[in-house]
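Quick note on numbering: the sequence shown equals residues 148 to 342 in the numbering used here.
These are calculated hints, taken from the structure and not from any lab test. Remember, it's a predicted structure, so these values are computed and weren't measured experimentally. Just to be clear, a hint being listed does not mean it is correct.
[Said to hold, decoys possible] Here are the simulated DSSO-like cross-link-like pairs (lysine-lysine), alpha carbons at most 27 Å apart as the crow flies:
(1) Lys205 / Lys190
(2) Lys190 / Lys202
(3) Lys190 / Lys243
[Stated by the list, open to error] Pair ranges (Cβ atoms, derived):
(4) Asn239 / Tyr318: 45 to 53 Å
(5) Glu193 / Asp224: 17 to 25 Å
(6) Met319 / Asn239: 41 to 49 Å
Ideal Cβ positions, reconstructed from N, Cα and C, are used throughout, including at glycine.
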Amino acid sequence: MNRPQTPFILLALITLAVLFFEFQIVRGQFDAAMATRTANAAKQDELDRRTARLKGMKADLPLYQEAFDQLLDAYSDAPLDPAQFGALYDLNPTIKVRDNAKRPGLQPVSNRVAAGRPAANQPAQTTWTYDLSSTSVEFHRFLPALAETENNLPLLRFTKLTMTSPQEPFYMEATPLNITATMTTLRSGAAAATK
């Protein structure tokens with residue numbers, strides 16, 4: 148008597164198995180779609196953050212352009228006149244361009260041969276070097292002038308600075324210091340020196 152029900156039970160079991168596997172497939176596709184949606188949302192958030200940073204940089208672009216123009220204006224193929232040292236020059240130190248002709252094997256950038264390469268075995272000079280000396284400037288006047296000069300000449304670098312006092316330590320009055328310094332600025336074309 149139970150035999151006529153066996154095919155129906157088998158058909159019901161097969162149907163349940165097919166439905167279970169279909170459910171698993173649909174659930175897997177749904178999970179994949181949700182994971183893709185979450186990943187897309189994270190990528191969109193990252194894109195929004197990058198876009199906001201880019202807009203911020205574009206808003207600051209005039210500041211960057213001004214700084215870049217100031218750097219480009221600082222390149223020179225001629226040494227700076229001592230008066231161009233601004234506040235430092237106002238203190239009346241002695242500022243001289245070092246004579247690079249005494250350094251054999253170096254040639255000015257403007258004398259380089261074609262294609263921006265120096266002649267054989269002759270490295271190009273890439274900086275102007277200046278010597279500063281003074282015996283009449285007090286410390287409290289020298290440091291602000293030094294800071295202002297460095298701020299106004301972005302390519303100026305002090306490679307050596309020596310200050311000595313002619314008085315004994317902890318002298319109570321402002322005393323002029325013995326100051327010697329070596330400064331450099333880049334020449335135009337210095338970035339393309341030797342490869």
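Here is how each hint holds up against the structure:
no.	hint	in the structure
1	Lys205 / Lys190	holds, 22 Å
2	Lys190 / Lys202	holds, 18 Å
3	Lys190 / Lys243	violated, 59 Å
4	Asn239 / Tyr318: 45 to 53 Å	violated, 22 Å
5	Glu193 / Asp224: 17 to 25 Å	violated, 46 Å
6	Met319 / Asn239: 41 to 49 Å	violated, 25 Å
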